[in-house]
Each structure stands twice: as structure tokens, then as C-alpha cells.
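Sequence order for the protein chains is G and P.
With numbering that gives the first Met the number 0, letter number 169 in the first sequence gets 168, and the count goes up by one each step, no holes.
With numbering that gives the first Met the number 0, letter number 77 in the second sequence gets 76, and the count goes up by one each step, no holes.
Incorrect hints may appear among the rest.
Far from chain G by the CB rule (all over 12 Å, computed), these chain P residues [said to hold, decoys possible]:
1) 2
2) 57
3) 111
4) 115
5) 124
6) 138
7) 154
8) 156
9) 157
10) 164
11) 165
12) 168
13) 177
14) 187
15) 190
16) 191
Once the Cα atoms are required to be at most 20 Å apart in a straight line, the calculated SDA-like pairs of lysine to any residue come out as [stated by the list, open to error]:
17) P:191 to G:92
18) P:195 to G:13
19) P:8 to P:119
20) P:58 to P:34
21) P:191 to G:164
22) P:119 to P:65
23) G:125 to P:97
24) P:191 to G:125
25) G:91 to P:64
26) P:191 to G:49
27) G:125 to P:76
28) P:191 to G:161
29) P:58 to P:48
30) G:125 to G:49
31) P:191 to G:162
32) P:191 to G:166
33) P:58 to P:94
34) G:125 to G:13
35) P:8 to P:60
36) G:92 to G:178
37) G:125 to P:8
38) P:119 to P:107
39) P:195 to G:163
40) G:125 to G:61
These aren't lab readings, by the way, just hints derived from the structure by calculation.
We treat Cβ as the ideally placed atom computed from N, Cα and C, and that holds for glycine.
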Amino acid sequence: MEYILIIISAVFVNNIVLTRFLGICPFLGVSTRFSTACGMGGGVIFVMTLATLVTYLVNVYVLAPLGIGFMQTVTYILVIAALVQMVEIIMKKVSPPLYQALGVYLPLITTNCTILGVAILVIQNKFNLMESIVFAIANALGFTLALIIFAGIREQLEFSDIPEALRGAPIALITAGLLSLAFMGFAGIVK
Amino acid sequence: MNQWQNFTKGFIRQNPVLVLLLGFCPTIGVSTSVVNGLGMGLAATFVLVMSNIVISIVKDFIPDQVRIPSYIVVIAAFVTMVELLMAGFAPALHAQLGIFLPLIVVNCIILGRAEAFASKNTVFSSIIDGLGMGLGFTLTLAVVGMIREGLGNGSLLGFKLFPGDGALVFILAPGGFLVIGYLIAVVNMIIKRQEK
Chain G
0 MEYILIIISA VFVNNIVLTR FLGICPFLGV STRFSTACGM GGGVIFVMTL
50 ATLVTYLVNV YVLAPLGIGF MQTVTYILVI AALVQMVEII MKKVSPPLYQ
100 ALGVYLPLIT TNCTILGVAI LVIQNKFNLM ESIVFAIANA LGFTLALIIF
150 AGIREQLEFS DIPEALRGAP IALITAGLLS LAFMGFAGIV K
Chain P
0 MNQWQNFTKG FIRQNPVLVL LLGFCPTIGV STSVVNGLGM GLAATFVLVM
50 SNIVISIVKD FIPDQVRIPS YIVVIAAFVT MVELLMAGFA PALHAQLGIF
100 LPLIVVNCII LGRAEAFASK NTVFSSIIDG LGMGLGFTLT LAVVGMIREG
150 LGNGSLLGFK LFPGDGALVF ILAPGGFLVI GYLIAVVNMI IKRQEK
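Excised from the complex, chain P in its bound form (with noise of 0.2 Å):
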């Protein structure tokens, strides 16, 4: 596998959340419009990235048997660096973010990079996944929250889309749930259809 597609298989093939199914959690807590999406999937991004870099520099010194608990105090210790750095820089987006930010650490991505990826790669190919699975994530949150802010509040990046609410039911709670399942549907639809 060559690193052009190394970065890309993250957008679709093997996108983190609609085909490997994890980190759902903070994908349906905080699309509900497409700044807090980005948001959310740039913090993750950085500390995936981050964390993959530390670990594949370190993954031979650690033994195996204490190797989870070590990756989570790398991944801990990033997340709190995103926390401070947002709390005194974009003050408004962290307060929007609330608990996600913190939940970051039992994201399943960022653990499941560092156990299926990095802890066996070199560091240029660890960053280079950390980046395409982030951009992946990232997209993901973004689509989500441009269909739940399109349709339940009628605007897109909080410019006016057409006049009235919208259904308020797609900020709401089952809003996110119905988005994901059928975005999923659907790229399962399209995965099917290339493989024919």
C-alpha cells in the first residue's frame, strides 16, 4: 500500500465511523451543526496524530502486557493540551463541546489507531494514517452536522437556508441517531456497488 492511499482509505474505505463503526459517541453528541463538527473532528485529528507519533516512536521500549494502559496515558495527556488550548483560545466552541472534549480519551478511534496502526508502523506512515482517519472523522462530523443543521434549523453555518425552524427533531437526540444510520446505509450501498 502506497502512502497516497495509506492517507486516503480513511474518507471512505475505511472510514472510521460509517464502515469500522466506532467513535459514535461524539459523532451524534456534537454534530448538531457543522462548526462544532469541525471542531470536534480537528481536536481529534491533532491528538490522533499526535498520539500515533509518540507511540510508533516508543512502541518498541514498551511491554506488551502494560501497553494499553500506557497508550491511554499518552492519548490522556493530549487530550488535556487540546482541552487548555481551547478553553483560552476558542473559549465558545469548548464551551459548546462540553464533556466530549474530555471524552476524547475513550474515543475508540484514537485507541484503535494506536493498537492496529501504530504500534506496528514506521513514524512517517503513523502520521500519515493519523491524518487521512482525523480528516476522515472530520468529514464525517462535518456531513452529519450539515444535513442535521440543514434540516432541523434550516441554516448552514448559521446563514439562513430558507425562511421558518425546521424540524426540530434533527437537533434533538434522535435527529443524530437516524442521520448515522442512514448515512451508513448508504455507503454501504456505494461500497457494494464498486465492488460489483
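With the rest of the complex left out, here is chain G (with noise of 0.2 Å):
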């Protein structure tokens, strides 16, 4: 019941682009075309788990019991960056299709804030490994949920007849903004 109620707080009520405000950038960025939402999608899902599971671990069993907890912050980036190296090498050569799918995104997941987000959220909100692993796949389901809505928004603007100072950014953050109104919606469901 309760990994339930974490799946939907932040699937829904807390979504990690629209109410937390993390990951703007690659929402913005790649949420041109449907296909590359999904691919992006996909690639930021396999990560987070991924360094949610190690940093979790780096935590409880190194800064913690050397009482280094300060070193958090910088450990924590080392430890993604090269972790996102890593299964790109190895997806290179284990799995060549899926590296075709999703490699191309895997550099940009590094600096996506989402994924250090979550592994400084799931310390701070002072969770367990497997609430952890559940938290942090909640959050890249509700990143791909964002991002996959938002691109089919977008492939229907592309029609529109819009003002010449509104084309582009703008425009996509007006329609970020009316998104987020609509999920604000759930608000409430849970606590």
C-alpha cells in the first residue's frame, strides 16, 4: 500500500517536471518529436534506477559511517557520471539495439537534474533501499509521462498559426504552464 501511495505521489501529484520543477531543460529540449520523447523517456527510466540503487548505497555504506555526509553533493555527481559511462560501454556491446535506441541520450541524462534530484530527495526524505528503487522509478515514470504528453502537444502545434514573438520557447513554456495547471488537478489526492 504504501509503495502504491509513492507511485502515484509522484507520478501525479508531485510529478518531477511539472510540480517540482526538475528537468526542465531536456523537457523542453527533446520533446520536439513523439519518437525521441520515448527514447528519452526510456534512457532517463534505466539511469535512475540505476544510480538511485548506487548512490543509495555509496551513502549508507561509505559517507555515512565515515561521517562525510558534506562530500555528499560532489560524490554523488562522480558517481553518475560514471555510471552513465559505463552502461554506455556496456550497452554498446551487450546490446547493440538498444545503444542505437538510446544512446544518443545517455551523455545528456549526466546533467539532466532530475536524476541527482531524486538521489538527494530519497537521503532527504530519509527512505529505505526498496522504497528508494520505487521512489526513484515513480519519478522516471512520471518524467516520460510529462515528456511523452508534451510532445504530442507539440506535434499538434506545429500547425498553429503563432505570433512571431511567441514561436519556439515561448510558446512551449506557455503550454508547460497549462499543463502543469491541468496536473495540478490531482493535487490533494495525496497527502
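Since each chain comes alone in its own frame, lean on the hints to assemble the complex.
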């Protein structure tokens, strides 16, 4: 039951992009086509789950016993960068088709603030290992959901007549604002 | 380009948020009031100037293949410093900024300037570039904060401008997206008009 609450909360109520404002750069950058949105979403689900697992273990078994919690930011970003690099190498070797599909998105994911953000949120919320993993998967799903809905809208937007000054980023941000307004309808479902 | 132009380019012409379209997450996340916006902007400016200095000094010793990880480590070190200093001297602001403080590490403005400017220029012009870009970012955050605080709470820097509560939606998530969207449109118009 607790896990279901975490999932609903992370995907709909506290959606990481539309409510927590993390990962807006990739949200605006790769949401022009439906297919690239799916690719990026897949990459984020994969990396976020793995990164949260590893950073959680690093925190519990290295940072906490040594009492060097202040090194959290530096350690996490290094772990994430190394992990993404490793995933890229392994994926290239083991599964070329998967690499073809997700490969180009992997370097972008290192500087995606959702990954570092979720790793830090997990520690702040004092989740245990299982809860952390569920939280990571749910947040990645929330990101993917927002990205795919947004890509769908933007593909339609291409055919509409937009005032010159609003073309490009401004209309995308205004659309995201309206989407965020829609997601506010979920507020209050889960505490 | 002289140093004065180098300094002022971050305000409008190459504004990191409104023209280069970098660093949206902290811009929308913490700009709910002017004070938060200024705090975040100054913290990012400090990190930007310091990392620009270090990177422009060590740029000749770092092999090309590992430059991005090295830059990130330099940036992360300064972010940790800012975090600890702010927790010690301004705990209220530290609590307000919350998760966006450690996330300065992955703020694309800072890595972007390291890669695009500090890794190719002298220490002095890198400092000027960092200051200009950082203050441009701070200015943007303050303007967005002013609009959101004014419309959403009816106040400015904590003082009431008009009675009542204002439209809460501007403080909440959607307001951030809308205000920045329209601000970019306005800047686009200004730049277009100047070109004519």
C-alpha cells in the first residue's frame, strides 16, 4: 500500500517536471518529436533506477560510516557521471539495438538534474532501500509521462499559427504552464 | 570585444535564461519571491566566477578527454562550499532554496560557461564573463520573482502592495512557466526591434 502511495504521489501529484521543476531542460529540448521523447524517457527510467540504487548504497556504506555527509554533492555527481559512462560502454557491447535506441540520450542524462535531484530527495525523505527504488522508478515514469504528453501537444502545435514573438521557447513554456495547471487537479489525492 | 561588452552581454543580448535558454529549473523553482531569486542568483554567481577562475587557470593541464568530468568536480567543490556557508550564515534562505542549492552543480549555465568561455580565455576575461553572466542570471531571477510575488501575493520584498491575497496560481508551479514564457517573448521582441 505504501509503495502504491509513493508511485501515485510521484507520477501525478508531485510530478517531477511539472510540480517540482526538475529536468526542464531535457523536457523542453527533446520534446519536439514523439519518438525522441520515448527514447529519452526509456534512458531516464534505466539510469535513474540504477543511479538511485548506487548512490543510496554509497551513502549508507561509505559516506554515513565515515561521517563525511558534506561530500554528498561531489560524490553523487561523480558516481552518476561514471555510471552513465559505464552503462554506455556496456550497452554498446551487449545490446547494440538498445544502444541505437537510447545511446544518443545517455550523455545528456548526466546533466539532467532529475537524476541528482532524486538521489538527494531519497536521502532527504529518509527512505529505505526498497522505497528508494520504487521512488526512483515512479519519478522516472512521471518524467516520461510528462515528456510524452508534451511531445504529443508540440507535434500538434507545429500546425498552428503562432504570433512571431511567441514562436519556439515561449509558446512551449506557456504550454507547459497549462499542462502543469492540469496536473494541479491531482493535488490533494495523496498527502 | 572589449571588457565592458564582455560584462554586459549577459544582461539582455546573451541573457543565460531568456536568450540562451539555460538553467530553467532553478529559475522557475526558486523565483517565487524576490529574496529567494536574489539568494539563488548570487549563490550561482559566486560558483560561476570561482569555477571560471579555476578552470581558466588549469585549462592547459587538463587532457581534452576528461575535461567535462574535471569541470564538474571543480564546480561541485564550490557548490559544497556555498551550501555549507549558507547553512551556517543564512539558515532561513538555505531552507527556502532546499534541493536547488546542491543542484547548482548540474545548472547548465555554469558548465556551459566553463566549456564555452573559461576553457578558451584568460583568467581576467573569465572573471568578467562569470560576473556578467551571473548578474544577468540574478537579474532575471529577481525580475521573475518580482512579477510572481507581486501578482501572486500582492507584495514586494515582503511589503503589501494591495490588500487581498492575489492570484495564488503565480506562486504555484504553472505561474512560473507562464511568466518566463511571456518574458522570453518580450525579450525576443526587444531584440528583433533592435536589429531593424
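Cross-check of the supplied hints:
Non-interface status of residue 2 (chain P) relative to chain G is upheld: no Cβ of that chain comes within 12 Å, the nearest being about 29 Å off. At the 12 Å boundary, the C-beta of residue 57 (chain P) stays outside the reach of chain G, the nearest C-beta of that chain being 17 Å off. A beta-carbon of chain G comes within 12 Å of the beta-carbon of residue 111 (chain P); the shortest separation is about 10 Å. Every CB of chain G lies more than 12 Å from the CB of residue 115 (chain P), the least distance being 14 Å, so the non-interface label holds.
Non-interface call for residue 124 (chain P) relative to chain G: holds, since the shortest CB-CB distance, roughly 25 Å, exceeds 12 Å. With a cut of 12 Å on Cβ distances, residue 138 (chain P) stays outside the contact zone with chain G, its closest approach being about 19 Å. Distance check on residue 154 (chain P): its Cβ is at least 22 Å (rounded) from any Cβ of chain G, clearing the 12 Å threshold; non-interface status holds. For residue 156 (chain P), the requirement that its beta carbon stay farther than 12 Å from each beta carbon of chain G is met, with the minimum near 23 Å.
Against chain G, the non-interface label of residue 157 (chain P) holds: every CB pair exceeds 12 Å, the least being about 23 Å. No beta-carbon of chain G comes within 12 Å of the beta-carbon of residue 164 (chain P); the shortest separation is about 17 Å. Residue 165 (chain P), annotated as away from the interface, keeps every beta carbon of chain G farther than 12 Å; the closest lies near 17 Å. Under the 12 Å C-beta cut-off, the non-interface status given to residue 168 (chain P) relative to chain G is violated; the minimum distance is some 7 Å.
Not every Cβ of chain G is farther than 12 Å from the Cβ of residue 177 (chain P); the closest lies at roughly 4 Å, contradicting the non-interface assignment. For residue 187 (chain P), the condition that its CB be more than 12 Å from all CB atoms of chain G is violated, with the nearest at approximately 5 Å. A cut-off of 12 Å between C-beta atoms contradicts the statement that residue 190 (chain P) is not in contact with chain G; the least separation is 10 Å. A Cβ of chain G approaches the Cβ of residue 191 (chain P) within 12 Å, the least distance being about 7 Å, so the stated non-interface status is violated.
Between the alpha carbons of residue 191 (chain P) and residue 92 (chain G) the distance comes to roughly 49 Å, so the proposed pair goes past 20 Å and is violated. Distance hint between residue 195 (chain P) and residue 13 (chain G) is unfulfilled; the C-alpha atoms sit about 45 Å from each other, more than 20 Å. Annotation: proposed proximity of residue 8 (chain P) to residue 119 (chain P) holds, straight-line Cα distance about 17 Å (limit 20 Å). Distance restraint check for residue 58 (chain P) and residue 34 (chain P): the Cα-Cα separation of roughly 35 Å exceeds the 20 Å cut-off, and the hinted pair is therefore not satisfied.
Simply put, residue 191 (chain P) and residue 164 (chain G) have alpha-carbon atoms about 9 Å apart, close enough for the 20 Å limit, and the pair holds. A C-alpha spacing of about 16 Å is found between residue 119 (chain P) and residue 65 (chain P), which places the hinted pair at or below 20 Å, so the restraint holds. Among the hinted pairs, residue 125 (chain G) with residue 97 (chain P) is consistent with the structure: their alpha-carbon atoms are about 15 Å apart, no more than 20 Å. This hinted pair does not check out: residue 191 (chain P) and residue 125 (chain G) have alpha carbons roughly 50 Å apart, beyond 20 Å.
The straight-line distance between the Cα atoms of residue 91 (chain G) and residue 64 (chain P) is roughly 19 Å, inside the 20 Å bound, and the hint therefore holds. For the hint linking residue 191 (chain P) to residue 49 (chain G), the alpha-carbon distance of about 46 Å lies beyond 20 Å, and the restraint is violated. Pair hint residue 125 (chain G) plus residue 76 (chain P) does not hold up; C-alpha atoms about 25 Å apart against a cutoff of 20 Å. Restraint check for residue 191 (chain P) and residue 161 (chain G): the C-alpha separation of about 16 Å stays at or below 20 Å, so the hint holds.
Between residue 58 (chain P) and residue 48 (chain P) the CA atoms are separated by roughly 15 Å; this keeps the pair inside 20 Å, and the hint holds. Proposed proximity of residue 125 (chain G) and residue 49 (chain G) is supported: the alpha carbons are some 18 Å apart, at most 20 Å. For the proposed pair residue 191 (chain P) and residue 162 (chain G), the alpha carbon gap of about 13 Å is at most 20 Å, so the pair holds. Straight-line distance between C-alpha atoms of residue 191 (chain P) and residue 166 (chain G) comes to about 13 Å, which keeps the hinted pair within the 20 Å bound.
Among the hinted pairs, residue 58 (chain P) with residue 94 (chain P) is inconsistent with the structure: their alpha-carbon atoms are about 35 Å apart, more than 20 Å. Between residue 125 (chain G) and residue 13 (chain G) the CA atoms are separated by roughly 17 Å; this keeps the pair inside 20 Å, and the hint holds. For the given pair, residue 8 (chain P) sits about 29 Å from residue 60 (chain P) by alpha-carbon distance, which is inconsistent with the 20 Å threshold. Note on residue 92 (chain G) and residue 178 (chain G): the hinted pairing is violated, with a Cα-Cα distance of about 39 Å set against a maximum of 20 Å.
As the CA atoms of residue 125 (chain G) and residue 8 (chain P) are separated by approximately 44 Å, the hinted pair breaks the 20 Å bound. Only pairs whose Cα atoms come within 20 Å are accepted, and residue 119 (chain P) paired with residue 107 (chain P) is accepted, the gap being roughly 18 Å. This hinted pair checks out: residue 195 (chain P) and residue 163 (chain G) have alpha carbons roughly 15 Å apart, not beyond 20 Å. Taken as a hint, the residue 125 (chain G) and residue 61 (chain G) pair is honoured in the structure, with Cα atoms around 16 Å apart against an allowance of 20 Å.
The structure fails hints 3, 12, 13, 14, 15, 16, 17, 18, 20, 24, 26, 27, 33, 35, 36, 37 (numbered hints given earlier, in ascending order).
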